[in-house]
Structure formats: structure tokens, C-alpha cells
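Same order as they appear, the protein sequences are chains S and P. Under our numbering, the first residue of the first sequence is numbered 1, with each subsequent residue one higher. Under our numbering, the first residue of the second sequence is numbered 1, with each subsequent residue one higher.
Hint data in this document are derived by calculation from the structure and do not stem from the laboratory. The beta-carbon is built from N, C-alpha and C at its ideal position, and this holds for glycine as well. A couple of the hints might just be wrong.
One-sided and incomplete, this derived list gives chain S residues near chain P with beta-carbon spacing under 10 Å [stated by the list, open to error]:
#1 D19
#2 G21
#3 K22
#4 D301
#5 K303
#6 L307
#7 E321
#8 K323
#9 D359
#10 G363
Label pairs and their calculated CB-CB ranges [claimed, not checked]:
#11 P/S122 to S/K300: 50 to 56 Å
#12 P/Q52 to S/K300: 27 to 33 Å
#13 S/G333 to P/K176: 45 to 51 Å
#14 P/N40 to S/G333: 41 to 47 Å
#15 S/T312 to P/N80: 46 to 52 Å
#16 S/G333 to P/K6: 24 to 30 Å
#17 P/Y191 to S/E356: 42 to 48 Å
#18 S/R237 to P/D71: 36 to 42 Å
#19 P/L39 to S/N38: 56 to 62 Å
#20 P/D71 to S/E297: 41 to 47 Å
#21 S/P162 to P/L39: 25 to 31 Å
#22 P/K183 to S/N38: 44 to 50 Å
#23 P/K6 to S/P162: 37 to 43 Å
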Amino acid sequence: MEKNKIVELSSKERPLLLDCGKSLGPVKIAYTTYGNLNEQKSNAILICHALTGDQYVASQHPITKKEGWWSNVVGPDKSIDTNKFFVICPNIIGGCMGSTGPKEIDPLTQKEFGLNFPVITISDMVKAQKLLIDYLSIEKLFCVTGGSMGGMLVLEWLSKFPEYVHSAIPIATSVNHSAQNIALNELARQSIMADPNWQSGNYYKTDNQPTKGLSVARMAAHISYLSKESLHQKFGRNLQDKNELDYSFKADFQIESYLRHQGISFVDRFDANSYLYITRAMDYFDITANSNGSLIEAFKDTKSKVLCISFTSDWLYPTSENKKIVKTLNALGIDVSFLEIETENGHDSFLLDEPEFFDALNGFISSTWREL
Amino acid sequence: MSLINKKKEFEIISDVITSKSNIIDIGCSDGSLIEYLKLNNNVVARGMEIDQSKIRICLSKGISVVEGDADTDLFDYPDNLFDYSILTYTLQATKNPKVVLEQLVRIAGKAIVSFPNFGYWSIAMSLFFNREMPVNSTLDYSWYETPNLHFCTINDFINLCEGLNIKIEKKADLRKLVFKEFKGKSLYDSYFSESGLFLISKK
């Protein structure tokens with residue numbers, strides 16, 4: 001039932017104009033679809049993935065062989081019911097799972113882009129997604145949803161292409177990155193660039209890959225996805241496969257072993273340069289960039305029905321950040337709902353088994369579909 | 001909080017609301033009043049609720065609802081965004097009823113407010129004769145577990161509105177189940193109305 005495709009959507013002659021002033025063409029988008037588009041083309045749901053997500057939202061990942069990152073939300077009879085809806089999940093540009101990004105071949109040089117890839121923004125990613133939606137001849141998406149960076153893309157859709165969005169569910173996200181968010185991303189970037197194997201981004205054809213740097217970047221980021229409470233509950237100060245301290249720098253504690261594993265397994269499926277470009281796009285993101293800092297102005301043309309969701313223990317994109325969106329949409333008289341799910345699972349909650357979260361998604365999507 | 005004749009209260013509120021108006025129900029619970037008003041008054045409505053399970057029920061009914069607290073989250077709305085703000089049986093549970101009332105008439109042209117009347121004869125009797133905090137159908141919690149913080153009587157409410165420069169436009173007659181023009185305090189109501197239901201606006 002799922003279909004994986006790659007399409008070329010802009011050309012050298014008609015390139016995608018980027019915020020940085022450069023242009024990109026041709027642009028390849030790798031995407032996965034589930035379910036069938038109905039005759040009226042009214043049942044399409046666009047899912048925007050997070051920083052390290054990809055188009056394999058509900059299907060087996062080709063590299064890790066694990067199930068899709070939102071398999072518990074997307075599927076037959078799930079909250080996003082693929083029996084009813086045509087689900088589209090594209091890999092963002094700048095990504096590394098088939099869409100145009102730093103590890104793809106630059107048509108100009110016939111070599112990997114590397115750092116010759118232009119610095120892209122969240123807005124550029126959405127402009128590329130819009131090309132895909134046009135290509136699929138969909139004039140109105142029934143729903144656009146995503147968490148974390150995916151939520152930023154949802155906000156960008158609401159702001160830039162309001163008439164294309166019937167309803168939207170931004171989850172655990174923010175209207176811009178705080179100094180703390182930028183700091184954490186900078187830590188990740190510096191750890192990649194400090195790895196001698198990174199070689200100024202020209203590592204693709206060499207025997208040395210910046211796996212150490214990327215792995216440390218992932219470890220640091222992973223801490224920010226969890227809460228102090230959930231780390232404590234899962235690992236406490238427990239030792240890994242031993243009863244006594246080792247008096248060395250081996251992974252004595254379970255949390256160390258866990259983080260190392262997270263880091264090492266990540267490098268098999270992710271490109272270090274992509275990590276640099278995507279985190280940069282997140283740091284640059286500010287929905288008010290073209291509205292003189294006004295949130296009201298940024299969403300003034302939005303007519304969609306919106307559900308915002310945050311999680312109590314998320315300190316990366318806390319409830320207060322999500323409430324800024326709610327407050328703005330309220331002030332504009334937009335049909336907005338808001339729910340803060342109580343959980344100890346931190347920012348990662350939107351990817352985990354959270355029955356109340358699933359229930360809220362299901363309730364909103366089903367009732368909005370009934371009223372269409 | 002249980003309501004006496006919930007359905008009757010819905011009817012009275014529905015009668016006083018102009019059709020197709022834009023309303024917000026604060027403390028909307030499972031959204032049943034909003035559903036009633038959507039059906040009978042064709043209103044554009046949304047709710048605010050503090051209880052997550054109720055919020056999820058609202059979402060599944062297609063009712064837009066924001067998780068929030070009357071005490072802190074009404075400030076988020078601009079002036080006169082709504083035609084009506086509705087607060088049924090919640091005022092007594094707010095931390096600062098005075099501020100909440102001011103916000104209700106700020107965000108909407110008119111506000112509909114109901115609350116249990118602590119001056120009701122049986123409540124007064126319970127206190128006077130039994131020397132026990134009253135528990136009845138409108139006040140269905142024991143003193144040690146009640147969420148209610150600020151009990152008031154109908155006359156207290158009228159006094160507060162006067163002090164806040166809030167105009168009481170109408171008062172519901174709960175025997176005849178209609179809103180009537182407000183003509184000042186009534187001795188009868190202060191004793192024999194189990195609850196107060198008012199239509200108020202900014203002066």
C-alpha cells in the first residue's frame with residue numbers, strides 16, 4: 001500500500017529560489033505515500049518530519065530496518081487512518097534520504113555538494129514541499145502536521161500558503177529558536193566540525209567518515225529530547241553490566257552506554273553535512289522574519305482549523321513556546337484548539353506511545369473530516 | 001459541578017443569545033452547552049477547559065477548545081473578540097472572581113454568568129440550624145474537598161458588579177425559565193433562588 005517515489009520538481013531553467021539568494025535546480029524530492037487520493041483530492045494529509053526524521057513515517061526504514069518513526073500514529077485505523085486518508089511524507093530538502101541535499105550530486109560539478117550546498121531555511125523546505133503538492137495536483141491539503149522541526153514547517157505552511165491548508169496540527173514546536181535551542185545546535189555542529197574526518201565537508205569519497213563527531217552531536221541532542229525525570233526513571237545511577245565502578249572512562253553508567261549506542265546507531269543512517277544544514281535552518285527559523293517581528297501579521301491570512309499540542313515535560317520546545325502560537329491564533333479569531341499532554345517523556349513524547357495524545361489527534365482529525 | 005436542570009439552564013441561555021453570534025464558553029466541560037447553542041442558535045463557538053479528558057471529548061465532537069484556566073488565560077484574548085462569554089458555575093471556583101468578571105466583559109460584548117447562591121434558604125438553614133457546611137445538588141462537595149474558593153450570594157454578586165462598573169442587563173427567573181430585565185435586588189431571589197444567572201456587560 002505504501003509507495004516510495006523520487007520526483008524532480010524544478011529544473012536548471014526554472015530553479016527553486018532560496019532565501020539565501022541562491023537557487024537550486026533541479027530539486028529532487030523523495031517521498032512516501034500511504035492510502036489513496038480520493039476523486040475530489042480532498043483527503044490528503046501532509047506529514048512534516050523532524051530534524052532526523054525522514055519519509056519512512058510508517059514503513060520499515062531501509063537502513064535500520066526499524067518500523068517508521070510515526071508507525072503508532074499513521075496506519076490503517078490509527079489516528080491518521082490510511083484507510084481514509086492519502087498520507088504524503090516527503091524527505092525535506094537538505095536531508096539525506098534521497099531528496100536534494102549536501103550528499104547528493106551537484107549537477108554543475110558532478111560531485112557531491114558537500115559545503116557547496118546552499119544554506120537553506122525552513123521556508124525553502126516548505127517551498128519545495130509546495131512544488132510536490134502542486135505536482136500531485138492537490139489544491140487543498142486536508143491537514144498538515146508534524147512535531148518539533150516538523151511543527152515549524154506546519155507553521156510555515158499556515159503562514160505562507162494559508163489557502164492550501166484546511167487544518168493543521170503543529171506539535172511540540174516553536175515560532176523561532178531560543179538562544180538555548182541555538183546553543184544546543186551549535187554544540188552539535190561544533191562536535192561534527194571538530195572531527196578531523198569531517199574534512200571541511202569533503203568526506204564522501206574518502207575512507208574516513210566523521211562518525212565520531214556526528215555521534216557526539218546526536219548524543220548531546222538526545223539528552224535534550226528527554227526529561228530529567230524520564231532519564232532518572234530509566235537509568236538512575238545504575239551501572240552497565242557491572243557491580244562496581246571501573247575507575248576508568250569506559251561506559252560505567254547505563255546512561256553512558258545508552259547515549260553511546262544512540263550516537264553510534266545514528267551515524268549509519270544520517271549524513272553529517274545534512275545535520276549541519278538542517279540545524280542551521282532551524283536556528284534561522286523565525287516565522288515573523290517577514291512581518292517585522294509581528295506574529296499577528298505572520299498568521300493574518302490563516303483560515304485553517306488548528307490544533308496545537310505540547311507536552312508538560314518538554315523543555316526543548318516547552319508549552320510556553322507553543323502557547324505563543326495559540327495566543328496569536330486566538331487574537332486573530334482563528335479556530336484554534338490547544339492541549340498540553342501530561343507526560344514525563346520530554347520532547348520525544350510525540351514519537352512515543354502516548355494514548356491521550358493519539359486520542360486527541362484522532363478526535364480532532366475525525367471530527368474535522370466529518371465536518372468537511 | 002452539577003447543575004440544577006442543566007437542560008433548563010441551556011434553554012434560558014439559548015433564549016438570550018442572538019443567533020449566529022460568536023461565543024466562548026469558559027469551563028465548557030464536555031462541550032454540551034456549545035453543542036446545544038450550535039444546534040439552536042447557530043453560534044460560532046469555542047471553549048476553554050482545564051480538564052484534559054473533557055478537552056479530548058470536545059475535540060472528538062469537533063468543538064474547538066483551548067486548555068486553559070479562567071484565572072490566567074482570558075488575558076490572551078483581545079477586546080470584544082466575542083459577542084458572548086459564558087461562565088456557568090465556575091465563578092465560585094476561581095482564584096480571583098473580580099478579575100475574571102472584568103475579563104469576561106472585556107473579551108465579549110456581553111457575558112453570561114451563573115453561580116450557586118449561598119444565600120439560598122436551605123443553605124442558610126443548614127448553616128444556621130445544623131452548623132454544618134451545606135451539601136446539596138448545586139454544592140455537591142464536602143467542605144474539605146470542594147474546589148469552590150469564593151462563595152457569594154446573589155446580593156454579593158450584584159454589589160461586586162456595581163463596584164466594577166459592570167452593568168447587569170438581565171437576570172434569569174429560574175422558576176419561569178426566562179431572562180428578565182434587571183430591576184435591582186430582590187428579597188425573594190436572594191432567599192429562594194438556588195442559583196444566580198445573569199447577563200452582564202461593560203458599562
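Hints versus structure:
1. For S/D19, the interface hint is violated, the least distance from its beta-carbon to any beta-carbon of chain P being 31 Å, above 10 Å.
2. Violation of the interface hint for S/G21 is found here, the shortest Cβ-Cβ separation to chain P being roughly 37 Å, above the 10 Å cut-off.
3. A hinted interface residue such as S/K22 counts as satisfied when its beta carbon comes closer than 10 Å to some beta carbon of chain P; here the least separation is about 40 Å, so the hint is violated.
4. Among the interface hints, the one on S/D301 is violated; its C-beta lies about 18 Å from the nearest C-beta in chain P, farther than the 10 Å criterion.
5. Among the interface hints, the one on S/K303 is violated; its C-beta lies about 13 Å from the nearest C-beta in chain P, farther than the 10 Å criterion.
6. Residue-level restraint check for S/L307 holds (minimum Cβ-Cβ distance to chain P is 7 Å; threshold 10 Å).
7. The interface hint given for S/E321 is broken, as the beta carbon of that residue sits about 14 Å from the closest beta carbon of chain P, more than 10 Å.
8. For the restraint placing S/K323 at the interface with chain P, the shortest Cβ-Cβ distance is roughly 8 Å, inside the 10 Å limit, so the hint holds.
9. With a cut of 10 Å, the hint placing S/D359 at the interface with chain P holds, because the nearest CB-to-CB distance is about 5 Å.
10. Checking S/G363 against chain P by beta carbon gives a least distance of about 3 Å; that is within 10 Å, so the hint holds.
11. For the pair P/S122 and S/K300, the beta carbons lie near 54 Å from each other, so the given range of 50 to 56 Å is met.
12. The beta-carbon spacing between P/Q52 and S/K300, approximately 31 Å, falls within the hinted interval of 27 to 33 Å.
13. Remark: the range hint 45 to 51 Å for S/G333 to P/K176 is contradicted by a beta-carbon distance near 36 Å.
14. Between P/N40 and S/G333 the beta carbons are some 22 Å apart, a value that contradicts the proposed interval 41 to 47 Å.
15. In this structure, S/T312 and P/N80 break the distance hint of 46 to 52 Å, their C-beta atoms being roughly 33 Å apart.
16. Range check, S/G333 to P/K6: about 29 Å between beta-carbon atoms, so the 24 to 30 Å window is met.
17. Range check, P/Y191 to S/E356: about 45 Å between beta-carbon atoms, so the 42 to 48 Å window is met.
18. For S/R237 paired with P/D71, a C-beta distance near 40 Å keeps the hint of 36 to 42 Å intact.
19. A hinted range of 56 to 62 Å for the beta carbons of P/L39 and S/N38 is inconsistent with their spacing of about 29 Å.
20. Checked against the hint of 41 to 47 Å, the pair P/D71 and S/E297 fails, with Cβ atoms roughly 30 Å apart.
21. A hinted range of 25 to 31 Å holds for the C-beta pair S/P162 and P/L39, which are about 29 Å apart.
22. Roughly 59 Å separates the CB atoms of P/K183 and S/N38, a value that falls outside the hinted 44 to 50 Å.
23. A hinted range of 37 to 43 Å holds for the C-beta pair P/K6 and S/P162, which are about 39 Å apart.
Of the numbered hints stated above, those contradicted by the structure are hints 1, 2, 3, 4, 5, 7, 13, 14, 15, 19, 20, 22, listed in ascending order.
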